[in-house]
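Given the coordinates of chain C, assemble chain F onto it according to the supplied hints.
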Amino acid sequence: MSDILAMTAVAARQALDNKSISAVELTEAYIKAGQDTSENNAYVLTTPDKAMDMAKASDARLARGDAGLLEGIPIGVKDMFCTKGVETTASSRILKGFVPTYESTVTQNLWQDGAVMLGKINCDEFAMGSANETSAFGAVINPWTASDGPLKGKALTPGGSSGGSAAVMAARSALLAPGTDTGGSIRQPAAFCGLVGLKPTYGRCSRLGIVAFASSLDQAGPITRDVADCALMMTSMASYDKGDSTSIDAPMPDLMAALSKARNEGVKNMRIGIPDEYTIDGMPEQIVTLWEQGRQWLEDAGAICVPVSLPHTKYALPAYYIIAPAEASSNLARYDGVRYGQRVEGATLDEMYAKTRGAGFGDEVKRRILIGTYVLSAGYYDAYYIKAQKIRRLIQNDFHQVFSDVDALLTPSTPSVAFALGDEDKDPVSMFLNDVFTVPANLAGIPAISVPAGLSSDGLPLGLQLIAPALREDTLIEGAAMLEKAAGFDHVASGAAS
Amino acid sequence: MSDKTPDYNPDHNSDHNVIDKTTIHKIAKLARIEIAPEREDALCGELSTIISWVEQLGECDTAHVEPLASVTGHSLPMRDDVVTSGDDPDAVLSNAPEGASHFFVVPKVVE
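Respectively, the protein sequence lines represent chains C and F.
As numbered in our numbering, residues 1 to 498 make up the first sequence, in order.
As numbered in our numbering, residues 499 to 609 make up the second sequence, in order.
In isolation and in its complexed conformation, chain C is listed as follows (with noise of 0.2 Å):
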């Protein structure tokens, strides 16, 4: 069994392929794996048969040699894409019961390549939250555990909001698994959990059937074990799609030939700048010399590295507290109690509305929700809102200036290694800066991807972070595939199923 759960997504394709194990075999040790790992609270609703059935019906195309991309993987749905016939939630009361009638397009397309559903996935609630603690399921437990310090013993968020998806990839109990990324919610888990994690470019994913939270910045991407599987993943999830009217109609560049360029040759004068402004007060030492270890192994690959500055950087957190709950006070108006989700009866349709919503939202939620109102409200949208735009083209081109001169940039994923549940402080500011490095590609609308290089003294993971202009996946690729190899990251969480 645990000669199956090693494989990567890449390895298992070729086991399929060359008929040393079926789909079915693959799926079966990833259904008991999800059950021997279910105290991580990482699985919402399991569907097993639904994932036999998909596996046979891979078998079946395998047989004829009529096998997709992903032919016969398994994977665990974000309860954020919407999935034909299963309760989709976005890990909130006011959707309990919510089963849609349609599928998802990104979902779909990993459909029509061949993937095994495992089942829905934990996240944040409407994935707004750093540590899956704010989902209505209950908080994910990390499978990895400090093996010393003053995290010792105790039980860590894998992240969020992706932090479900995550934990399932780090206990080998999916083989992949798509995320969203608002503000971070795909690369912060993947830091925090061991993992590869990639937002792509705004508009390469459809955002058509995924629950939307703040839609200028939504992006869906691949969680994977490794560079490879990230690059398989994402060749299937994105796509144009007129179903969503930022879809982007560009082609994806071949990343499995970026992947085998980059292994072949390098990243010979590819040039990578390190912005001065991701230098931050408090961050731990050991984030810092990670990140020059970084540097010299991108130098060591060939490229060629230079300080650059982002002078705009220390606004983008603020700037995306007011546009993302701005955008997100909108998208949730349509949780009324009418359409769809939980409903609370009231004397008038306004209370109605009320009750519903403050009975089936939680409390991160309402505060976003009140924030986005406010900073749209009458008297306050041009200091807030415009302002906040404002900010935003000053981010956008600040990324523009720098990418003249640089292909890509590296920066540290996260401030910080996995916190423990319940320990961070209540403020919800400091909760905020999580996602301190990750909120300027969303704002800028650029791909960017995380990449396990190490381990903490506690034995913690980190990562490190590639940006790359939009369009150039690429790009992030080879740099990733460098960072990958140098590290040598082939730890295994503690919490793994085997």
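Honestly, the hints are just simulated from the structure, not real lab data.
On a predicted model such as this, the values are computed, not experimentally measured, just so you know.
It is possible that part of the hints are untrue.
Facing chain C, a subset of chain F residues (Cβ under 7 Å, in silico) [claimed, not checked]: (1) 530; (2) 531; (3) 551; (4) 554; (5) 564; (6) 580; (7) 581; (8) 582; (9) 585; (10) 589; (11) 599; (12) 604.
Just so you know, even glycine gets a beta-carbon here, dropped at the ideal spot from N, CA and C.
Using the frame of chain C, we list chain F on its own:
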């Protein structure tokens, strides 16, 4: 368009909430969210912390900057004004908390 932030006070005193209960009531009404009375004090503090923190944007000069609403840089695509899907009221209503004869049911609005 003004860049002036109302009530902006760089020496913001954390004992003073920029969002008071009157404001909470107003925005909760606008957002159609019932707030439990015992949560109001805490919420004033939490929202005030967030708003005070985002007000640091006031120090950044944006006088000649165009707001950025969409990063895609392309205008929204046009399509023919024809029906592409629909005519499936059962599917549309399948998740409704209350429906009748292919309609959503809501509390009485007109007396």
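Results for each hint:
no., hint, in the structure
1, 530, "4 Å, holds"
2, 531, "5 Å, holds"
3, 551, "5 Å, holds"
4, 554, "6 Å, holds"
5, 564, "6 Å, holds"
6, 580, "13 Å, violated"
7, 581, "14 Å, violated"
8, 582, "9 Å, violated"
9, 585, "13 Å, violated"
10, 589, "4 Å, holds"
11, 599, "16 Å, violated"
12, 604, "5 Å, holds"
Of the numbered hints given earlier, the model fails hints 6, 7, 8, 9, 11; all others are met.
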